[in-house]
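Visitor: Quick note: to get this note's numbering, add 11 to the position in the sequence shown (first position is 1).
One or more hints might be untrue.
Each computed DSSO-like pair below joins lysine-lysine, with the alpha-carbon atoms no more than 27 Å apart [claimed, not checked]:
hint : residue 1 : residue 2
1    : Lys111    : Lys88
2    : Lys111    : Lys66
3    : Lys111    : Lys83
4    : Lys66     : Lys100
5    : Lys83     : Lys66
6    : Lys96     : Lys83
7    : Lys96     : Lys66
8    : Lys66     : Lys88
9    : Lys100    : Lys111
10   : Lys83     : Lys100
I should point out that these hints are in silico values taken from the structure, not numbers from a laboratory.
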Amino acid sequence: MALTPASPPDVVHLEPAGGCVRGQDVSLECHSEAYPTSINYWTTERGDMIVSGDKYEAVSMDNGYNKYMMLKIRSVKSSDFGSYKCVAKNSLGETDGVIKLDEIPAPTTVSTSTVAFVTLPTTTRKKDIKSRIIMSIPQNVHGIMSTLKMSMLNRPESKCP
């Protein structure tokens, strides 16, 4: 029978959250070792203990002297950004690891606009009609432009006084 030396808790690995976009779910991970087995929990940067519920889901799994912890934060909002502590305690001591959660700006969508200029000479002739398209044209606009061009070509010639 092998004897295991007693040891205070040690946070062996933290999975850095890095950042996330508001509205997303994010998971923080922490792995600790201790003998005797430690009591582990999560706290906010203010020191408030986090309890599982609608907002948070704290999961802990033991494997001998190793303990794996995960904290899932649902629908992250502005007040959720900051530091979180993974705390491990046993009869020989206490330790913690800090994970900082930063906000990543939401990706912006770039809209393209299309401007069409049709230059008509004083005397309108089918062969004299010029068109110029400025900026990029989304694929669904090509049909509209073709229709516009065809309607201009099929217009009856106007008579100027």
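Visitor: Determine for every hint whether it applies to the structure shown.
Guide: Evaluated hints:
{"no.": "1", "hint": "Lys111 - Lys88", "result": "holds (15 Å)"}
{"no.": "2", "hint": "Lys111 - Lys66", "result": "holds (18 Å)"}
{"no.": "3", "hint": "Lys111 - Lys83", "result": "holds (14 Å)"}
{"no.": "4", "hint": "Lys66 - Lys100", "result": "holds (25 Å)"}
{"no.": "5", "hint": "Lys83 - Lys66", "result": "holds (8 Å)"}
{"no.": "6", "hint": "Lys96 - Lys83", "result": "holds (13 Å)"}
{"no.": "7", "hint": "Lys96 - Lys66", "result": "holds (17 Å)"}
{"no.": "8", "hint": "Lys66 - Lys88", "result": "holds (10 Å)"}
{"no.": "9", "hint": "Lys100 - Lys111", "result": "holds (21 Å)"}
{"no.": "10", "hint": "Lys83 - Lys100", "result": "holds (21 Å)"}
Every hint, counting from the list given before, is met by this structure.
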